[in-house]
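Engineer: Sequence:
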Amino acid sequence: MKLVIWGSTGFVGTELIRQALSHPGIRTVVGISRHATPVPPESADKKGKLRSIICNDFENYPDSVMKELETADACIWTIAVTPTKLKSIPWDETVKICRDYALTAIKTLAGFPRYRRENGPGPVRFVYISDHFAPHNRSDVMKPLNDYGLTDLALLRGELETRLLTMADESNGAVVSCIAKPGRIAGPGRDSQVVPGLPKIELSVIAAALIDQAVNGLEKDILSNDDMI
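Taking the working numbering, I'd label the letters of the sequence shown as residues 3 to 231.
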């Protein structure tokens with residue numbers, strides 16, 4: 003099968019690339035980022051699985067991106083504005099990165115013929131990494147979001163979750179989607195802040211869980227932190 007990883011040079015994206023290269027069920031790994039996607043350290047690409055695609059416009063894809071998406075069997079979306087960078091990025095740019103980019107991706111995928119998949123006819127699987135606390139309405143906002151000034155970002159991501167699931171349902175079988183809602187992702191070189199009520203998941207564990215969903219099929223619409231451990 004052919005797996006596309008969006009944000010392939012980031013913290014989670016790099017681990018997804020590493021595990022995907024060694025997965026026997028994946029023939030092609032496409033890394034899409036603003037920078038070239040390297041083979042991760044302590045990894046190897048002996049079978050030449052990795053294709054690195056540079057994309058500078060995530061709302062108007064170049065032909066190189068469209069060509070890879072047309073035959074993709076599954077995609078994992080990691081692109082987002084992290085809480086630590088929220089204050090340094092204008093809100094309209096945050097909305098574009100955290101919502102509009104992903105909507106463009108799933109809309110594009112839904113427009114391709116299903117018979118063009120590398121692994122045979124069928125819907126493309128779209129896995130979106132959201133946030134443990136992301137609510138679908140303001141009444142569900144958890145206290146830590148207010149405490150850390152993350153309410154608007156969380157509501158934005160909750161809105162996107164709903165829209166991605168709806169767009170998949172309305173795609174006439176072209177796309178199926180899954181929302182992953184991890185807690186604090188822990189891994190090498192990542193000293194993330196402990197937040198009350200926020201569970202933890204290891205980087206290698208969430209990457210393995212999401213690749214399993216991409217390869218073997220989506221178990222449910224929403225995956226909690228516990229579902230992925």
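A hint or two may mislead.
Unchecked claim - Think about it this way: if two alpha-carbon atoms lie no more than 30 Å apart in a straight line, the pair counts; the simulated BS3-like pairs of lysine-lysine are: (1) Lys109 / Lys222; (2) Lys202 / Lys98; (3) Lys98 / Lys87; (4) Lys69 / Lys98; (5) Lys51 / Lys222; (6) Lys69 / Lys51; (7) Lys222 / Lys69; (8) Lys109 / Lys98; (9) Lys145 / Lys48; (10) Lys109 / Lys87; (11) Lys69 / Lys109; (12) Lys202 / Lys145; (13) Lys202 / Lys89; (14) Lys87 / Lys145; (15) Lys109 / Lys51; (16) Lys145 / Lys98; (17) Lys89 / Lys51; (18) Lys202 / Lys49; (19) Lys202 / Lys222; (20) Lys69 / Lys48; (21) Lys89 / Lys69; (22) Lys51 / Lys145.
Unchecked claim - Restraint-style ranges between C-beta atoms, simulated for each label pair: (23) Pro64 / Lys145: 37 to 45 Å; (24) Asn139 / Thr84: 32 to 40 Å; (25) Asp171 / Thr106: 34 to 42 Å; (26) Leu88 / Asn139: 29 to 37 Å.
Don't read these hints as lab results, they were simulated from the structure. The structure displayed is predicted, hence computed values, not measured ones. All C-beta atoms in this analysis are idealised placements derived from N, C-alpha and C, irrespective of residue type, glycine included.
Engineer: Does the alpha-carbon distance linking Lys89 and Lys51 stay inside the 30 Å limit?
Structural biologist: Between Lys89 and Lys51 the Cα gap is close to 38 Å, so the pair fails against 30 Å, i.e. violated.
Engineer: Need the status of pair Lys98, Lys87: alpha-carbon distance at most 30 Å?
Structural biologist: The given pair, whose Cα atoms are some 15 Å apart, holds under the 30 Å limit.
Engineer: When you check the alpha-carbon spacing of Lys69 and Lys109, does it fall within 30 Å?
Structural biologist: holds (15 Å)
Engineer: Does the structure keep Lys69 and Lys48 at a Cα separation of 30 Å or less?
Structural biologist: Holds, at about 23 Å.
Engineer: Check whether the Cα positions of Lys51 and Lys145 lie no farther apart than 30 Å.
Structural biologist: violated (44 Å)
Engineer: Look at the Cβ atoms of Asp171 and Thr106 and judge whether their distance stays inside 34 to 42 Å.
Structural biologist: Because 18 Å falls outside the window, the suggested range is violated.
Engineer: Mind checking the alpha carbons of Lys202 and Lys98 for me, to see if they're no more than 30 Å apart?
Structural biologist: Holds, at roughly 28 Å.
Engineer: Taking 30 Å as the top limit, are the C-alpha atoms of Lys109 and Lys87 close enough?
Structural biologist: Within the cut-off at roughly 27 Å; holds.
Engineer: Verify the CB-CB distance for Leu88 and Asn139 against the hinted window 29 to 37 Å.
Structural biologist: violated (21 Å)
Engineer: Lys202 and Lys49 were given as a pair; does the straight-line alpha-carbon distance stay at or below 30 Å?
Structural biologist: violated (34 Å)
Engineer: Is Lys202 within 30 Å of Lys222, Cα to Cα?
Structural biologist: holds (21 Å)
Engineer: What's the verdict on Lys202 and Lys89, does the C-alpha distance respect the 30 Å limit or exceed it?
Structural biologist: It holds: about 24 Å lies between the C-alpha atoms, which stays within 30 Å.
In summary, the structure is inconsistent with hints 9, 17, 18, 21, 22, 24, 25, 26 from the numbered list given earlier, while agreeing with the others.
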